[in-house]
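Chains F and P supply the protein sequences, listed in that same order.
Heads up: the first sequence at position 368 corresponds to 824 in my numbering, and the numbers run straight through without jumps.
Heads up: the second sequence at position 156 corresponds to 612 in my numbering, and the numbers run straight through without jumps.
Hints in this document: simulated from the structure, not taken from any laboratory.
Model, not experiment: these values are computed from the prediction.
Please note that a few of the clues may not be correct.
One copy or two, it doesn't matter: identical chains are merged, so the pair holds either way.
To be verified - Below, in silico cross-link-like pairs of lysine-lysine (DSS-like), each with a Cα-Cα straight-line distance of 30 Å or less:
hint	residue 1	residue 2
1	Lys765	Lys468
2	Lys811	Lys765
3	Lys811	Lys582
4	Lys804	Lys582
5	Lys579	Lys811
Number of protein chains: 2
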Amino acid sequence: MRLSHSLIPTLKEVPAEAQIASHRLMLRAGLVRQTAAGIYAWLPAGLRVLNNIANIVREEQNAAGAQEVLMPTIQPASLWQESGRYEDYGKEMLRIRDRHERDLLYGPTNEEMITDLYRQSVKSYKELPQIAYHIQWKFRDEVRPRFGVMRGREFLMKDGYSFDIDYASAVISYRRMMLAYMRTFQRLGVKAIPMVADTGPIGGDLSHEFIILAPTGESQVFFDAAFEDVDYSAANFDIREPADLDRFFGVMTDNYAATDEKHDLDAWGKVAEDRRREGRGIEVGHIFYFGTKYSAAMNFAVAGPDGQKIHPEMGSYGIGVSRMVGALIEASHDEAGIIWPDSAAPFKAAILNLKQGDATTDAICEDLYGKLGQSALYDDRAERAGVKFADADLMGHPWQIIIGPRGAAAGLVELKRRATGEREELSLDAALARIGVTAS
Amino acid sequence: MRLSHSLIPTLKEVPAEAQIASHRLMLRAGLVRQTAAGIYAWLPAGLRVLNNIANIVREEQNAAGAQEVLMPTIQPASLWQESGRYEDYGKEMLRIRDRHERDLLYGPTNEEMITDLYRQSVKSYKELPQIAYHIQWKFRDEVRPRFGVMRGREFLMKDGYSFDIDYASAVISYRRMMLAYMRTFQRLGVKAIPMVADTGPIGGDLSHEFIILAPTGESQVFFDAAFEDVDYSAANFDIREPADLDRFFGVMTDNYAATDEKHDLDAWGKVAEDRRREGRGIEVGHIFYFGTKYSAAMNFAVAGPDGQKIHPEMGSYGIGVSRMVGALIEASHDEAGIIWPDSAAPFKAAILNLKQGDATTDAICEDLYGKLGQSALYDDRAERAGVKFADADLMGHPWQIIIGPRGAAAGLVELKRRATGEREELSLDAALARIGVTAS
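Extracted from the complex, chain F is given alone in its bound form:
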């Protein structure tokens, strides 16, 4: 994109309403704008990050054998009356009445609807196991929305649901999703620690929250270094293989991890001192096995091998996709701005033309922009070099390609890596090769 004609409105001033780094930086870098309390419009650069994250989530869900669906945002109240949650949910549920006086709601989650869809269609144990997920906007009418997209009212979430014929099979689905989550975080370039969470009346150990490490996180976490050492990729675990899932789940549960609320000093003392890690973290996901809670309440049963009726065992698996945008920034920024991991960055590189209107620098920049295409942001504004440097640091592109008149005359550009600050002067083709684009 050409920055001069884009809706990427960077701000020099720090917005007064923003209390945390990610909120400030998302506003300053022109990623989002608030349109009502806790509701945001995603501008071009922000939307690219959101889509990059959603696509990584999607690829890992698909690789785990989950199938993508898309349920609507508006749900009938009747579905929630079936499960008994319509009254329970309280004021966080946005309740709506349509022109025919029918009660609707803006879905905060989808257990009821997915159970209804399966109840209509799946009749035999032979069709299970299945996992279905969707990436859809949700609404929770928070009493006090704040922290930007970290605690918004309209937010994008991936929620998935597993259906299995018995507990043993449900455990495999649960572990498979857990591995898919760890892979997702690994690809996003963040450290994530799974924490055992409350299961309520269900019991057991099949409920985990995923905490992303960020110095500005909301809670203190304590964990064994083991979580940092694991390679979660397909090279190490075959997600289709129950034996690999077993081994994976062993690592996840045999090693100490707790938030300050549940920190157990005795257990912590048993962790070798050089393996103790501490930090702050942000919750970005939650997975939960809940058995037949919804299948029984909503009378979803399939025929078993002997013709008996079986209520499938279910689990749910959520990742806050829009929240993740904020969490990535909390995990990776400095005084100058955002430092995007390559996998989530809105643009792979920014092209900074230090002398817009100069025939030589313009020609080199146009050539570069032609080769990089949609993966580059071309700062073609009639601005001073200092403004362009500051905005590129603020926006956090992994690479900056800096074209000034002196270097241009010698056929050289400057390449800056945002994460390290390293700069080097090299030829155009060498610069393109360095950032992973083959010169044509």
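Since the structure of chain F is already known, use the hints to place chain P on it.
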């Protein structure tokens, strides 16, 4: 995907509630399920079609220089009070009150919000022209939702908005979007005819509806064969070149096209007899130039070259993305089911294993499925051949690869092209090559 473990619930019976072909076929082929009046959940096969269409729309918008944003579904009433449309809109607007008694609404369209976003950020004529679009769910509380996704309440729409500094520039933006639309339809394999539509108090000729030809369409259309002859692709028109846009717009406006409501027998009589075309059609898009209607009402002004304040000239550009799924089916189906154009098909090919459980056919099918991956639907159900044939025709995959025990023994598969019914026996590698997959 493996059909045995997928949420693709095909139906043999014709659903009683469906009055038109596309609605019947979308339910029967397991693409969608209704979750409330006029509200649908998109199951895996349906979502793939929806995404394929959305991606083609997106690519053509981007190629035309439009930038993608994503505005939220829920909007504050205050924005609509500024433009005066809050009272005007009537009962089709889904009005919502949140826990703090603030008035919100589920956006039926986004002129106000995009104007507000530009008003906050764009201050100079130097930053224009710009076009921004988003692909987002909308809600219109239809009094009587019907015809499935063709007239649903929650629907997916691409709406775009152009901002120009003067009328001459606005005309270029309008023509550019019009060409992007014709390209989109061409890639989707349907014939679309642009029809001059009412401009109301704005006047002029810059309002067009796009009608897709389908035998079951809602209105009768009359048009010159010229519209069928044009190649709208980049090979024929450079969308960046105003001269090319001129030539394109000439073809669009110099040739006769009208719906029965506006049919002009005198003008029709002047069309050469062998160039007269008639058919039925479905409206799937509408583009509209409306000048400073919103920029003036909402006080969005930029500084002009001489420092004077200028209200930008605006236009809006809509395509019904979810409606298009139904329209494609209306345009392309037969007694047996859907006939997807390759560009929109949920799966490129279905693999029909005629003897599930047979070692040879199973091995060939697994091999094929491994090579085709996510682009194939593997019918691995323990069903009779007749059921698999009928479901594949119903679902409308462009290609069917049929593996029976006799052919398998000889290393042969049968390849069927859904659109023509042609079948031929050939080797596995030749079949893959025919459908455009290089055997590894």
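Exercise for the section: Check Lys765 against Lys468 for me: Cα-Cα at most 30 Å, and say if that holds within a copy, between copies, both or neither. Expected result: Between. Shortest inter-copy distance 24 Å satisfies the 30 Å Cα cut-off; intra-copy 64 Å does not.
Exercise for the section: Have a look at Lys804 and Lys582 and pick one of within, between, both or neither, based on CA distance no larger than 30 Å. Expected result: between (46 Å within a copy, 26 Å between copies)
Handout entry: Alpha-carbon proximity context of Lys811 and Lys765, limit 30 Å
Key = between (74 Å within a copy, 29 Å between copies)
Practice task
Go through the copies and call it for Lys579 and Lys811: within, between, both or neither, with a Cα cutoff of 30 Å.
Solution key: Between copies only: 22 Å across, 68 Å inside.
Handout entry: Intra- versus inter-subunit Cα pairing at 30 Å for Lys811 with Lys582
Key = between (67 Å within a copy, 17 Å between copies)
Hint check: no violations occur; every hint is consistent with the structure.
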